[in-house]
Amino acid sequence: MKKTTQCCFLLIILLTRIVPSLSSAVNYTDPTLEPVVTENSVIRQKIIDSQFKCYERMNRAPPYKKKGLFCNRTWDGWLCWDDTPAGRLTAQNCPDYFPDFDPTERASKYCDETGNWFRHPESNRTWSNYTLCNSFTSEKLKMAFILYYMAIVGHALSITSLLISLAIFFYFKSLSCQRITLHKNLFFSYVLNSMFTIAHLIAVVPNPGLVKRDPVSCKVLQFFHQYMLGCNYFWMLCEGIYLHTLIVVAVFAEEQRLHWYYLLGWGFPLVPASIHAVARARYFNDNCWMSVDTHLLYIVHGPVMAALLVNFFFLLNIVRVLVTKLRDTHRAESNMYMKAVRATLILVPLLGIQFVIIPWRPENRLAGEIYDYIMHILMHYQGLLVATIFCFFNGENCSSSVQQQQFCTDNTRSLLTRPHFQAWDCF
Amino acid sequence: MIPGRSASGAATRWCCGTQPALWGIPCCLAQHFIAATACQEADYGAMIRHYCLKEFQHSMEGIGQRLWCDWDETVGTYGELTNCTALIAEKLDCYWPNRLVDEFFVAVHRQYFRNCSPSGRALHDPPNGVLCPFIVLPVLVTLLMTALVVWRSKRSEGIV
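Residue numbers (our numbering), protein chains in the order written: chain A, 42 to 468; chain B, 154 to 313.
No lab work stands behind these hints: they were computed from the structure.
A portion of the hints provided could be inaccurate.
Stated by the list, open to error - Label pairs and their in silico Cβ distance ranges:
1) A:319 / B:304: 42 to 52 Å
2) A:304 / B:285: 50 to 60 Å
3) B:286 / A:163: 30 to 40 Å
4) A:204 / B:289: 35 to 45 Å
5) B:194 / A:243: 53 to 63 Å
6) A:98 / B:216: 30 to 40 Å
7) A:194 / B:296: 47 to 57 Å
8) B:278 / A:107: 48 to 58 Å
As the list claims (entries may be wrong) - Calculated lysine to any residue pairs in the SDA-like style (CA-CA distance at most 25 Å, straight line):
9) A:87 / B:267
10) A:183 / A:358
11) A:106 / B:215
12) A:87 / B:192
13) A:94 / B:304
14) A:183 / A:244
15) A:94 / A:326
16) B:307 / A:106
17) B:307 / A:244
Said to hold, decoys possible - With the C-beta cut set under 8 Å, the calculated list includes, among others, these residues of chain A facing chain B:
18) 215
19) 248
20) 313
21) 316
22) 320
23) 336
24) 351
25) 353
26) 357
Just so you know, even glycine gets a beta-carbon here, dropped at the ideal spot from N, CA and C.
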């Protein structure tokens, strides 16, 4: 499940690992044959730290209990290897000491049938296979750059289209029903979210000097970034609750009071963001709070996923009501399903469901790349998608007159009584 | 970057003047033990115990037993111990690390770091007892808040 929430940060993981240190890449002929001691102090520090942890583990772990030959636990200079049965190839993730080592790749070590670790034929020393760690780095770097620029372009386009939509919503004074008010707030939270994401991507991610200096401002930026992420998803939840109340619960649909929606959308996300800031400062106070290797991120992502799940159930319920209402009005089946599907598809980007339905990143490299591209498009172009569907494509909605708005309000009010149900035109 | 293993005949180039004596090991003495062609494990084991361990013990006693678990205090000494074993391996034409190094360090850890937390110096998550409440609480509050908003929006409709 960690990969799920970190899909958003895959790019940032790659960039913080690879791009900032590119200018200081360590050069050596074959990392797998040369001795493992290096001069660079930061890298050495990490390695010494891993060495300490390894020997502690070797000291404290119970002795090997299974029968048969096995290779003894060992420290190979970079990674710790446990007792392994003879004849088995064991693997673990590559270390992150060097800029061109990709920690998502696997390093392996073979324990041969005689219970000794594999020795490299050239040097006759025990040898672990780190070749995969830096063999695809240049392609991955290229792809990381593509994804990075895609993200920036996506957020910029989202901001532009959302601002245009907001301008349209504010300009046409007749568009002042409550649903549109919620849309305005949702769009505004999308705009702020995109702005903070762009600020983070441009100012912090490619700037290792800033990260090293670790000023308070970059932690404050990260705090607001988490807050806006929460706002984004909680406003989507507000839209879901509003629609659910309107369609499923309301029979005599009076005007709802929006104060609670404002509280949930703008006020409540402060709670997980603050708790995350406090926990991060206390327990995992890394530079600029950039690391995604911590479970403390779930303090923000947990409520976001809970909000998405609740939204998902509201959506299912709304679709169920829509479909049953269709059936009651005796329309042709194909028409019915088409309309239901259209309603669902319009609601999906609104409610951010894609994060619930597509959680797992495939292990296969090509499939993983395709997954990354799709996820990045869905994440960073979401604002553009929402603005397009709710403003630009929904022509009658955005240029509606008072009459149209009255028709919209009337329809949703009497959805249970009118024979021809056209509530989805208002979406 | 320490260069690769030297050929046996070139072992004599490791004289005192060319090696930085970071830890004060009388490196000239090491010349007496330079192996001819292969790694003499017994010699290596003896050397690291004789030279590296002595220096390490001296430093650790200087730091004081109370601070042995303080990684910030001991990291320098630990690093020097590692360097020392690596350099002697270089001189004896052994590859580093090896089985003897493993045994050596396990013994060092058993003696000096037995009572320390095994996590080292890197940042790590708090224990589960602290982490879980931090995560579960916002989720529960979220669900409560959602229920509250749904309930309040129902009530304002006049629907009970």
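Hint by hint, which ones does the structure fall short of? Those not satisfied are hints 1, 2, 3, 6, 7, 8, 10, 11, 12, 13, 16, 17, 18, 19, 25, 26.
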